[in-house]
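Listed in order, the protein sequences are those of chains D and P.
The first sequence runs 863 to 1140 under our numbering.
The second sequence runs 6 to 273 under our numbering.
Hint data in this document are derived by calculation from the structure and do not stem from the laboratory.
Errors might be hidden in some of the hints.
[Unchecked claim] Only part of the chain D face toward chain P is listed, based on derived beta-carbon distances under 10 Å:
hint : residue
1    : Ala958
2    : Ser974
3    : Pro1014
4    : Arg1029
5    : Leu1057
[To be verified] With beta-carbon atoms standing in for the labels, derived distance ranges:
hint : chain 1 : residue 1 : chain 2 : residue 2 : range
6    : D       : Asp1048   : P       : Leu264    : 24 to 34 Å
7    : D       : Ser1007   : P       : Val197    : 32 to 42 Å
8    : D       : Gln986    : P       : Leu264    : 26 to 36 Å
9    : D       : Asp1076   : P       : Lys167    : 18 to 28 Å
[To be verified] Derived list of chain P stretches under chain D, where covered just means 3 residues or more per stretch with a C-beta under 8 Å from a C-beta of chain D:
hint : stretch
10   : 74–81
11   : 112–119
Only a predicted model underlies this, so the values are computations on that prediction, with no experimental measurement involved.
Using N, Cα and C, we set each Cβ at its ideal position, and we do this for glycine too.
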Amino acid sequence: MSFSSRTVSPATSQSPSLSQDVVVALRDINLHFGNGAQQVEALRSINLDLVAGDFVCVLGSSGCGKTSLLRVLAGYQPPTAGAVYIDGKSHSAPNAAVGVVFQRPNLLPWLSIADNVGFGPKMQGEPDFTLRQRVAHYLDLVGLSDASQRLPHQLSGGMQQRAAIARTLAANPRVVLMDEPFGALDALTRESMQLHLRKIWQQTQKTIFFITHDVEEALILATRIVVMHAHPGRIVQQIPNPFRDVLDHMSTTELRTMPEFVRLRQQLIAGIHSVESG
Amino acid sequence: MSSLSLPRRSTKPHRAIPRSLQGWLLPIALVVAWELLSRLGLVAPNLLPAPTTVLQTILVIARSGELFRHVGITLYRVVLGFGIGTLVATVLGALTGYSRTAHAYLDPLLQALRNIPSIAWVPLFILWLGIYESSKVTLIAVGVFFPVYLNLMSGIQGVDRKLVEVGKIYRLSQLQLVRRVFLPATLPAYLVGLRNGLGLGWMFVVAAELMGASQGLGYLLIDGQTTGRPAVIIASIVLFALLGKLTDSGLSAVSQRLLYWQDSYGAG
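Taking the hints into account, I'd like the entire structure generated from these sequences.
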């Protein structure tokens, strides 16, 4: 089952350094917590490639190890076995190549929105002139130009999360990891954020690794959907998203009523919850 | 009936007193009552002189130039003690808040010392440092030290872990992390510590000056007692209240400017 869709990522069988396109390669990742009888197998033999411009959504119920996978990928959590390669180079500690957007915006409350967005580059010593241009560009990209001088607490949750996305993008990472970034937002805001993120992705052509438990969210955003199961955390299914371009000429309401969409959604929901291993 | 009562309600002459003046109402009433009771001879003037008498006493001391000498020396002691106490507390609090090792070595001792009532140090300080300025300033510094130390330490320890992670994601150096994340995040707790410390500073300057001084507002208190002049005692108390309030308001104003970014109930 998990091998049926390998054609989507062309470099899976090769060494990661051989393909120019592969931005992120996860190779035989295993992750254990604790030891002895208490040992928990959080991740088992994870293999995954992200090519440039990929928008991979990882679907799974809570506790399936998707956040552990993100932490390994970000470099926060060293895997028990296996390795992460970014642009063919081994990646074992957080660095500028990987940007992360969390469920909470985590903006610095004492800085204006513009200063928050420019925080990373400024700390790296970017000169004021280019920094200002960069901040203006990313604020514009997420639609927050008018809020640039406001403080985080003066903004709505959705706007704060957009500022967090702009901050991550402004550091110009090779790949952006997102851990249920819209999970804390209300349903209406979430949908507008999804469409907004889709536009941002189309404009920037960033490689995105996106974790969610919301099947519809995955179907709206992803180029590729990865389904994970728990105990141990593993990938059981990888499919290309057949609806990846549909939203360019269709509304989400129309999309939701397509029979094919409804069918795939049901399949994925069943797939997430099925207990038998693949 | 209702047509009659409606206009009456709307033309009611006075509304509630403005919020900014509400706090003045009770003190003014008390002072007026005090004045009246004294004037009517219901309170013995040799125990509780009238407010006007107290005011007169302050003016008399002021005119002789003594007032400024006393206020000046007391202020000097508080400022110096506050400065030294704050400096030491800031260094140690930053250390024990930031470094677990420093915390393990230093904090238990400091917490144990904190449990000694600061006044209990007085005999020792006088023995070591003499009865002049050093022992007084040291006592004030000890009083100021603990609230500043505690607030800074727990403030640093309480910094939102996620904000620290943000700093690490953007690969801040240790120094940048301290300056850009820990410092602003700790500032609210630190300023509360400073205000508490300042309050204790004023408390301990009284204690220090009561123990033996030839100048200062505390000396004026004792002088009033030994010479049987209650007006002088009350005048000193009023001056202490005034100076304490003024310095605290100053610190409070600085706090509000520095913490403009906080989303707090009171900021509205």
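We went through each hint and held it up to the structure:
1. Ala958: 7 Å, holds
2. Ser974: 9 Å, holds
3. Pro1014: Where the cut-off is 10 Å and the nearest Cβ of chain P is about 8 Å from proline 1014 of chain D, the hint holds.
4. Arg1029: 9 Å, holds
5. Leu1057: 26 Å, violated
6. D:Asp1048 x P:Leu264: 24 to 34 Å: 30 Å, holds
7. D:Ser1007 x P:Val197: 32 to 42 Å: Check passed, 37 Å falls within 32 to 42 Å.
8. D:Gln986 x P:Leu264: 26 to 36 Å: 28 Å, holds
9. D:Asp1076 x P:Lys167: 18 to 28 Å: Distance hint for aspartate 1076 of chain D, lysine 167 of chain P holds at roughly 23 Å.
10. 74–81: violated (count 0)
11. 112–119: violated (count 0)
Against the hints set out earlier in the document, violations occur for numbers 5, 10 and 11.
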